[in-house]
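Student: Sequence:
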Amino acid sequence: MDSCLMVWHMKPQSRAYRFAGHKDAVTCVNFSPSGHLLASGSRDKTVRIWIPNVKGESTVFRAHTATVRSVHFCSDGQSLVTASDDKTVKVWSTHRQKFLFSLSQHINWVRCARFSPDGRLIVSASDDKTVKLWDKTSRECVHSYCEHGGFVTYVDFHPSGTCIAAASMDNTVKVWDVRTHRLLQHYQLHSAAVNALSFHPSGNYLLTASSDSTLKILDLMEGRLLYTLHGHQGPATTVAFSRTGEYFASGGSDEQVMVWKSNFDVVDYREVIKVHRPPAPLATSGNLPEVDFPVPPGGGRSQESVQSQLQEPISMPQTLTSTLEHIVGQLDVLTQTVSILEQRLTLTEDKLKQCLENQQLIMQRTTP
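Numbering (the numbering used here), first residue to last: -17 to 350.
Check each hint, because a few of them may be wrong.
[Stated by the list, open to error] Under the rule of at most 30 Å between Cα atoms (straight-line distance), these lysine-lysine pairs were calculated in the BS3-like manner:
1) K37 <-> K69
2) K37 <-> K(-7)
3) K(-7) <-> K243
4) K69 <-> K111
Quick caveat, the hints were computed from the structure, so don't treat them as lab data. All of these numbers come straight from a predicted model, not from anything done at the bench.
Please construct the entire structure, taking both the sequences and the accompanying hints into account.
Tutor: Put into structure tokens, the structure is as follows:
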């Protein structure tokens, strides 16, 4: 490990940036939502915030007392959450470059920490075999998920914010509802530890990377394995979808970074991705959009009246306004989800029709 970062340009014949600054191996990286900042964590116990340009200037945070395993920006880019082998999760202000607070209920190394899409919750995964859900405002642990039988290597939120998925050294991936804390899905498809995972921006697919050297793509709506991808010559250690979901990248212990094209051509998810952009933060944690996975197995008004309303606006409480906007967002998500389900049903009906037609042809040919 050379303790450097490489930022690659996807355009042909573009040169990559190589950033040096860390004194030991770099363990994690994450772009801010705007793409104007890049965070990295290292075995040298520091976090660096880089400006990803030719100069490669960085600000260093003396972050932890042990290796930093995870860095992740909040959806507004204002905060950064870090996780470390010192058993803590820490939250920082990126623009003020200031430490905010620490979360410290894990009793072993913390491998991963992620903000929810709306920034109100934090989820963390640890070698103590637990996944913990935290309220950012109260700084309290909301729930601990203890179902894994091995170290939990990675965790992330579904784009809707209603669910989390965790990967473990027990070779499994589990999906929980963060509102009811119920286990929704359990996958045991890899033959070795699952090291990382990534949700497709539509929320319909989950990508996993494993020490068995494979990547797997799971269909969350149907609760089944879609594809197994072979490419790495050793453990696949990390994986991530692009922001649009058109591509995904994987890295492995074979020192290779591979960029793949998703080719999910069944449904056009662009409209769904727009709906799943992080909503404005709300005061309570119960008002999340409903996106559930299956467990596998009047008269017009005059211009005068409108003008008088503009001159004397009705003041509505900010909380009520936000709640109404959020309800509209929920309805949009539900509408898009129903649309996807209808398209899937149509595809299934078409396949069934084709099977019946083929069966009739076979029977006609065999009938004397």
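Student: Now tell me if each hint is right for this structure.
Tutor: Status of each hint after checking the structure:
Proximity of K37 to K69 is assessed by CA-CA distance (about 34 Å); at most 30 Å being required, the pair is judged violated. For the given pair, K37 sits about 20 Å from K(-7) by alpha-carbon distance, which is consistent with the 30 Å threshold. Using a Cα cut-off of 30 Å, the hinted pair K(-7) and K243 holds, with the two alpha carbons roughly 15 Å apart. Note on K69 and K111: the hinted pairing holds, with a Cα-Cα distance of about 13 Å set against a maximum of 30 Å.
Comparing the model with each earlier hint shows a violation of hint 1 alone; every other hint is respected.
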